[in-house]
Every structure is written in structure tokens, then in C-alpha cells.
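Participant: At the far end of the sequence shown sits residue 391, using the numbering used here, and the numbering has no gaps.
If you are wondering where the hints come from, they were derived from the structure by calculation, not from laboratory data.
On a predicted model such as this, the values are computed, not experimentally measured, just so you know.
There could be a bad hint or two in this list.
[What the hints assert, rightly or not] Restraint ranges, calculated between C-beta atoms of paired labels, are given here:
{"no.": "1", "residue 1": "F340", "residue 2": "G145", "range": "29 to 37 Å"}
{"no.": "2", "residue 1": "G65", "residue 2": "G113", "range": "34 to 42 Å"}
{"no.": "3", "residue 1": "K109", "residue 2": "P86", "range": "39 to 47 Å"}
{"no.": "4", "residue 1": "N133", "residue 2": "S67", "range": "22 to 30 Å"}
{"no.": "5", "residue 1": "F340", "residue 2": "I366", "range": "50 to 58 Å"}
{"no.": "6", "residue 1": "K129", "residue 2": "D106", "range": "24 to 32 Å"}
{"no.": "7", "residue 1": "L338", "residue 2": "G65", "range": "20 to 28 Å"}
{"no.": "8", "residue 1": "T114", "residue 2": "I377", "range": "48 to 56 Å"}
{"no.": "9", "residue 1": "E169", "residue 2": "I366", "range": "19 to 27 Å"}
{"no.": "10", "residue 1": "V259", "residue 2": "P144", "range": "39 to 47 Å"}
{"no.": "11", "residue 1": "G165", "residue 2": "S67", "range": "34 to 42 Å"}
Virtual Cβ for every residue (Gly too), placed ideally from N, Cα, C.
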Amino acid sequence: MGEVFAVTIQNLRSLPQRASASIVAIIGVAGVVAVLVAVLSMARGIEQTFNAGSNDANVVVTRSGSSSELDSGFSVEQARIIGEAPGLARESEQGLSSPEGYAMVDLTKRSTGTTANVPMRGITPAAAKVRPNFQIVEGRMFEPGRLEAIAGIGAAGQFEGLVVGQPLELGQQRWDIVGLFQASGQSVESEVWVDVPVFQSVFNRTGYSVIYATLENPDALELFETALTADPRLSINIQREADYFEAQSQVMTGLIDAVGVGIAFLMSLGAIFGALNTMYTAVADRSREIATLRALGFGRLAIIVSVLVEAVLLAFTGGLIGGLIAWALFNGFAVSTLNFSSFTQLVFAFAVTPELLVQGIVLAVIIGVVGGLTPAIRAARMPITTALREV
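All chains, full assembly: derive it from the sequences and hints.
Facilitator: Structure representation (C-alpha cells):
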């Protein structure tokens with residue numbers, strides 16, 4: 001261990017003499033880590049958006065066989081049956097449930113000027129009660145029966161026309177935007193909300209798309225589900241709110257993770273070759289020094305470890321820099337993208353989590369080990385007499 005320590009310190013002291021090659025290696029690894037963390041932070045941001053504010057006592061009821069709110073549907077009678085089911089929290093004879101309509105409208109993106117599908121949700125007053133984090137942050141709530149709308153702060157930041165006090169022209173309808181709301185970062189902040197009877201009239205609907213409900217306690221799910229699945233008038237799927245949104249996010253996050261890992265793998269190959277080149281150059285420049293150490297009795301293990309430590313230190317530095325760059329540029333950066341489950345726009349913010357930073361640094365260390373191992377073995381096997389004669 002004494003030999004390893006002594007040779008490693010001597011090796012690190014000579015780093016300034018190889019600054020140019022070392023900086024190239026650091027930049028290569030930093031680029032790999034920055035891209036990996038940035039891409040994967042999209043997936044983590046989407047997960048956080050879908051899972052934000054989930055309540056274990058909340059459930060989402062969709063039609064059996066539907067994959068999202070867009071292709072689900074209930075009649076008014078079915079919604080009444082679900083709202084009267086046992087197990088729901090109650091403020092009166094009717095359980096705490098919110099039958100809601102769901103449709104897509106075309107709005108213009110602020111960033112590109114192109115149109116995109118934005119969710120419009122028809123709600124009842126119970127919608128705010130089953131989402132306790134709902135809060136009007138500007139303006140007021142819409143008045144029932146009027147062509148008024150409120151917009152989520154995420155949608156208002158990404159799309160034109162969602163400004164309090166200004167009209168929004170959608171087809172032949174003119175909606176007045178009367179308020180903006182937030183909901184602890186939930187995906188509903190990407191939506192526009194209107195009164196459900198007005199929604200049904202405008203979109204020629206007679207029923208609802210989905211029902212959100214609050215149980216009297218999280219353990220009441222079995223009672224609620226048993227009562228409804230036994231009713232022959234219903235064909236439904238009941239999920240806890242957290243499970244429903246996790247399923248909605250899986251397609252998007254899975255695709256982004258796969259793309260991110262693929263890009264990082266290809267870039268890692270380039271970074272490994274860069275590390276190999278840097279460490280081979282370092283070994284070549286220090287060949288006489290290494291041979292002298294061997295002649296003085298230092299073992300091969302000390303030489304191998306010293307070269308590996310240099311490679312890992314350079315890679316670790318690059319990984320740390322890349323992670324910090326990704327955090328500084330992307331953490332909290334809000335964008336909108338297509339939600340493949342509903343084919344509407346989802347507004348979310350990149351989330352550079354501590355776990356992603358750790359993953360990036362681990363990848364950097366792996367690059368350093370792989371890139372430094374072969375040069376380290378070459379340095380240890382270098383013939384002493386031949387190396388001593390090199391200039």
C-alpha cells in the first residue's frame with residue numbers, strides 16, 4: 001500500500017504537464033454525463049408531474065378496456081350509480097365523486113407557433129374537492145352555465161391565448177379566460193377547465209369521460225370496488241389515483257429512458273476511446289519514469305493502480321462537471337410534449353434528481369476504469385530496459 005500511495009501521488013503531481021490531453025478527456029466524459037442526465041431528467045419530470053399530490057384515498061374510474069380518459073365514457077345514470085356506491089367519503093347522501101368530460105382543443109405553442117392538442121376538462125364543483133391541492137392563483141373561478149374557462153398555470157405558460165381577462169377563440173366558440181389555477185404540479189395544470197354542462201353542450205356529449213372520487217379512507221377501496229363490479233349495469237376499471245397516473249406515465253418514461261440510455265451508450269464509446277488515448281499518451285510520456293520506478297523495486301500493482309487512479313479521477317471530474325451543467329441548464333426547465341396515452345400536450349419541468357447525478361457519476365467512473373485499465377496494464381508490463389532508453 002505504501003508503494004501504491006507513493007507512485008499514485010507522484011503520478012498525480014505530473015498531471016499539469018499533461019493538461020491538454022487531460023482536459024480533452026474531462027470534456028468528453030462531461031458531455032456524456034450531461035446528455036444522459038438531461039435526457040433522463042425529462043422522464044423523472046414526467047413522473048413527478050403525474051404523481052404529484054396523489055392521494056391514497058382517491059380513485060379514478062374509467063370504462064373497462066379504455067386506456068385513458070380520452071376513450072372512456074359513462075352515461076349520466078352510470079355516473080349517479082358510481083357516486084352513490086358504498087365506501088365513498090360523503091358530504092351528503094351523494095358520495096364525493098366528480099364526473100368529468102375530457103376533450104382536445106387546438107392551441108398555439110408560444111415557443112414554436114405551431115398548434116397542439118391541449119386537454120379541455122368539463123368539471124363539476126366536486127372537482128376541486130377531490131383535488132385538495134387545487135387553488136386559483138389569478139382571477140376567479142368560472143361561473144356555471146357561462147362560456148368561461150380557467151387554465152392551469154402550466155398550460156398558460158406554454159400556450160397562447162390563456163391570459164386572464166382575454167377571450168379565447170376555439171372554432172366557433174368564444175371562451176372568456178377568467179382565472180388560472182395550480183394543483184401542486186399535477187398533470188391537470190396542463191389543462192383548461194370549464195363547466196361540465198357547457199362542455200357537454202359545446203362538444204355534443206350526453207355523458208362523462210371519467211370519474212374521480214375520494215374514499216372515506218384508503219382501506220375502503222375493496223368495499224367500493226366490490227359493490228360496483230357486481231352491478232351488471234356497469235363495466236368499469238377502478239384504480240387508485242397514484243396507480244392510474246403511474247400507468248399513464250410508463251409509456252413516455254420508458255421511451256425516454258431507452259433513448260437516453262442508447263445515446264449515453266454511444267457517447268460513452270467515444271469517451272472511452274478518448275480516455276484510452278489520454279492514458280496511453282500519459283503512459284508514453286512517463287515511460288522512463290515508470291521504468292525507473294520499476295528498477296527501484298516498485299511493483300507492477302503500484303503502477304497499475306496509479307494509472308487507474310488518474311483515469312478515474314479525470315473521469316470523475318468530468319462526470320461532476322457534466323452533472324452540474326445538466327442541473328444548471330435543465331433542472332426546473334418547463335416544456336410541453338405529447339402525452340402518448342391521451343395524444344394531448346403535457347406540460348412538465350425537467351427534474352435533475354440526486355439519483356440521476358449519482359448515476360451520471362457512476363457512469364463516468366466506469367468510463368474511467370474501462371478507459372484506464374488497458375493503458376495501466378501496458379505500463380506495468382513495459383520492459384524496463386527498453387523504457388529506460390526512450391527519450
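Participant: If you check the beta carbons of G165 and S67, does the distance land in 34 to 42 Å?
Facilitator: holds, 37 Å
Participant: For the hint 39 to 47 Å, verify it against the beta carbon of K109 and that of P86.
Facilitator: holds, 45 Å
Participant: Take a look at whether the Cβ-Cβ distance between E169 and I366 falls inside 19 to 27 Å.
Facilitator: violated, 55 Å
Participant: Confirm or reject the claim that T114 and I377 have a C-beta distance inside 48 to 56 Å.
Facilitator: The hint (48 to 56 Å, Cβ to Cβ) holds, given that T114 and I377 are roughly 55 Å apart.
Participant: Taking the Cβ atom of V259 and the Cβ atom of P144, is their distance within the range 39 to 47 Å?
Facilitator: holds, 45 Å
Participant: Do F340 and I366 keep their Cβ atoms within the hinted range of 50 to 58 Å?
Facilitator: Between F340 and I366, where Cβ atoms are some 32 Å apart, the hint is violated.
Participant: Could one say that the CB atoms of L338 and G65 fall in the range 20 to 28 Å?
Facilitator: At roughly 23 Å between Cβ atoms, G65 and L338 fall inside 20 to 28 Å, so the hint holds.
Participant: CB of G65 to CB of G113, is that within 34 to 42 Å?
Facilitator: holds, 38 Å
Participant: Evaluate the given range 24 to 32 Å for the C-beta pair formed by K129 and D106.
Facilitator: holds, 30 Å
Participant: If you check the beta carbons of N133 and S67, does the distance land in 22 to 30 Å?
Facilitator: With a Cβ separation near 26 Å, N133 and S67 satisfy 22 to 30 Å, so the hint holds.
Participant: Take a look at whether the Cβ-Cβ distance between F340 and G145 falls inside 29 to 37 Å.
Facilitator: holds, 35 Å
Violated hints for the displayed structure, listed by number in ascending order: 5, 9.
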